[in-house]
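Q: The opening residue of the sequence shown carries number 1 in full-length UniProt numbering; numbering runs sequentially from there.
Since the hints were made in silico from the structure, they are not lab data. Ideal placement from N, C-alpha and C gives every residue a C-beta, glycine not left out. Just so you know, not all the hints are guaranteed correct.
DEER-style ranges, computed between Cβ atoms [said to hold, decoys possible]:
| id | residue 1 | residue 2 | range |
| --- | --- | --- | --- |
| 1 | E88 | R31 | 25 to 31 Å |
| 2 | N78 | I44 | 28 to 34 Å |
| 3 | D32 | H56 | 26 to 32 Å |
| 4 | L64 | R31 | 22 to 28 Å |
| 5 | N30 | K68 | 20 to 26 Å |
| 6 | A29 | I49 | 18 to 24 Å |
| 7 | T46 | N78 | 33 to 39 Å |
| 8 | Y20 | N78 | 28 to 34 Å |
| 9 | E75 | G54 | 17 to 23 Å |
| 10 | G54 | A27 | 32 to 38 Å |
| 11 | V5 | R31 | 23 to 29 Å |
| 12 | I66 | T42 | 21 to 27 Å |
| 13 | N78 | D17 | 33 to 39 Å |
| 14 | R31 | G54 | 37 to 43 Å |
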Amino acid sequence: MKLTVQGKKFITNLTKDNKYHLLRFYAVANRDGLQYAADIDTPIHTDIIMEVEGIHVALSPKLLPILKDKIIHSETVNGVTGIVLLDEEHAHLTTN
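With the sequences and hints as input, model every part of the structure.
A: What follows is the structure, given as structure tokens:
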């Protein structure tokens, strides 16, 4: 996983007041298969904690193969800012 500058700023702002809250990706099963969601939350005991460019991120072990090459970005749409995951072709937007 990698981060864009916007993604890093967004996550840092949301987690700065509580060291136990991380960006957390978790699996959601539905009739179409496995999907994933993200939230700022306390990790659960089965989560994998990764450090991505100085930011700790928690993820469900089932999601590691799906998310390992993604880029975490933030975007504002209709006045609401949130996390978006980008593919490797957007690597030029990352902090490295």
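Q: Going through the earlier hints one by one, which of them does the structure break, listed in rising order?
A: When the structure is compared with the hints, numbers 10, 11, 13 turn out to be violated.
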